[in-house]
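Add chain B to chain A, keeping to what the hints say.
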Amino acid sequence: MEAFFITDSDFVSFLSWLEKRGDLFVATRDEENNVKIKPYSEAGEFKYPGVRAIQPLKPFFFSMLEEVAEYPVAEDRPIEAKPFTIVGASACDLRAIEALDRVFLEGEFKDPFYEAKRSKSLVISFDCTEPYETCFCVLMGVKPYPEKTFDINLSKVEGGYVVEVGSERGREAIESNKGLFKPATDRHLSQRESIRKEVEAKVEGQSKQFKPSGPWQDVLAKVFEDPGWERNVETCVECGACLFICPTCQCFLLYDEKVKDRYKRLKMWDTCAYKNFARVGGGANPRPRLVERFRHRYYHKLDYFPKTYGFEGCTGCGRCIVACPGEIDMREVLKEICKV
Amino acid sequence: MKNVYTPIEAEILEVIDETPTIKTFVVKPKEEIGFKAGQFMELTVPGLGEAPFTPSSSPSQKGRIDFTVMKVGTVTDALHDMTKGQVVGVRGPFGTEYPLDKWKGKEILIVGGGVGGAPLRALFLALVERLGDFKKILYCYGARTPADIVYKELIQKEWPRIDPSKVEIRLTVDDGDSTWKGKVGVVTTVVENIGLDVNNSVGVVCGPPIMMKFATLRLIELGYPDETIYLSMEKNMSCGIGKCGHCMLGEYMVCKDGPVLTYDLIKDKPALWD
Chain A
2 MEAFFITDSD FVSFLSWLEK RGDLFVATRD EENNVKIKPY SEAGEFKYPG
52 VRAIQPLKPF FFSMLEEVAE YPVAEDRPIE AKPFTIVGAS ACDLRAIEAL
102 DRVFLEGEFK DPFYEAKRSK SLVISFDCTE PYETCFCVLM GVKPYPEKTF
152 DINLSKVEGG YVVEVGSERG REAIESNKGL FKPATDRHLS QRESIRKEVE
202 AKVEGQSKQF KPSGPWQDVL AKVFEDPGWE RNVETCVECG ACLFICPTCQ
252 CFLLYDEKVK DRYKRLKMWD TCAYKNFARV GGGANPRPRL VERFRHRYYH
302 KLDYFPKTYG FEGCTGCGRC IVACPGEIDM REVLKEICKV
Chain B
33 MKNVYTPIEA EILEVIDETP TIKTFVVKPK EEIGFKAGQF MELTVPGLGE
83 APFTPSSSPS QKGRIDFTVM KVGTVTDALH DMTKGQVVGV RGPFGTEYPL
133 DKWKGKEILI VGGGVGGAPL RALFLALVER LGDFKKILYC YGARTPADIV
183 YKELIQKEWP RIDPSKVEIR LTVDDGDSTW KGKVGVVTTV VENIGLDVNN
233 SVGVVCGPPI MMKFATLRLI ELGYPDETIY LSMEKNMSCG IGKCGHCMLG
283 EYMVCKDGPV LTYDLIKDKP ALWD
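Order-wise, the sequence lines are chains A and B. Count along the first sequence starting at 1, add 1, and that's the number in our numbering. Count along the second sequence starting at 1, add 32, and that's the number in our numbering.
Pulled out of the complex, with its shape left as it was, chain A reads as follows:
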């Protein structure tokens, strides 16, 4: 792929151009030094994030709550979205977008709301330089630097960024700002390379003790009945935080309500941790016990998802570990049960 270089100050000019293109969201740091993706106007300035943001990018494409239909209808209203740019997607965020793209855009029926937003997005990613202790992307086949699914990728080097183009849309954005981008030099590229190696080694190092003996699917095939699931669910309070914060969790609930003389259909994030999630009208429930729902999450991410799409439905971002009030660490659970 083609690589360019842009200086820190020219990048600010590039952001101004992006702001004219549509809504612009950038990574910034809050008072507690956490990375957050915010509207550029609120963020004040872009700061190279170095690590994934607190929030997943899922809501940009798959809203937490949105109206998806109104009835009775004469005819469908067009489903449209405004162009927008996200500056600050980590490699694990990109893997999550790849997963959601497969879920919502593949098959006989696409989700038209996801498609509308996704088709208007420009995603600018970055190489991780300061991974968290909870990061384990490498266990899920993801490197701490983007390899695909981005429009443009940034790698922090001295004085600016190495810029890589990942899509036609990314190329157009760069060509419209030709004066800002110079060809990357060998020095830039070797600097990028050594930072990448160093960061990857760090994440590999902290993940080593959790490495499975083979593909997750094979490992999980042997432990469905393991008593470890019972032991590890003890501190789960069924809050669903791990699932709502998960960048790949796709589940949603459709519900209808009456508004004056019309009816609206809403689509809201839902989680398989909740007791009646899979219950049918007649009362049968495939997963009445919490431990069964707890286990389902692991199997969906690491067994069912790969069976359908060929890669894990977990990105190793570690957000679920941070979010859990019961201090459940997915890596520890898998280590204990799979005896990795």
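Be aware that a few hints might be false.
[What the hints assert, rightly or not] Just so you have them, the derived chain B footprint on chain A, three or more residues with Cβ under 8 Å:
#, region
1, 102-108
2, 247-253
3, 260-268
4, 271-278
5, 281-294
6, 303-315
Because the hints were derived from the structure by calculation, they are not lab data. Every residue, glycine too, gets a C-beta built ideally from N, C-alpha and C.
Okay, now just chain B, sitting in the frame of chain A:
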């Protein structure tokens, strides 16, 4: 972009009482909707929400679709209170169908129970409309009591007369009453001496989970290979398009990969019968 979440309005033309807890709603959608036997649709009670049902009318019938609905929950309770002239919504069809073309030249064994007779009626009607394509049809149906039999007139009088050389109907009830002259026992008790060549046959099972489990085991006992046993799975199908996650059965989204699934694909899945 077509909005797959929008229901199409459908007027209720007729409501037929089948049993004390089951009614058939004949509806006329505003747009023509085609479906294949086995596929399901989402029925909307305006303002309340949706539930999945497999139509019970023949797929070849134009302009109207029957849904046979048991009163079991919020949406079905509300449906049961609806009357002729009121409007519901329909989305679909979704999911897999019974592969009738693949079954050409075969003997078809159908085992049904309770409201599971609904999808099986659509299938049965589709089969008899091209009866020349199949060697035999044996339809075994069980209900809790004589009053719980759906489509009493059809199943007791009309269907046995279609072509007795090719089509056989066997009926049973778990508990008979003073008027009942037929068989008493769970449906598997009539799935014996089937007179079919299991090497050139397929089995179709639809009904309450416990009945489906034992009927499937019975078919295996009779020598049906797993891949010739077609199950119509009931899970919590909500979006209908394989996205919302509620109907997962192992890696399958039953709304997209099912509801018709062969036993070989799902026999090892967790909570298959729950």
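Status of each hint after checking the structure:
1. 102-108: holds (count 3)
2. 247-253: holds (count 3)
3. 260-268: holds (count 3)
4. 271-278: Contact hint for the region 271-278 of chain A vs chain B: holds, 3 residues under 8 Å.
5. 281-294: holds (count 10)
6. 303-315: As far as the region 303-315 of chain A goes, the hint holds, because 5 residues have Cβ atoms under 8 Å from chain B.
The structure is consistent with each of the numbered hints, conforming to all of them.
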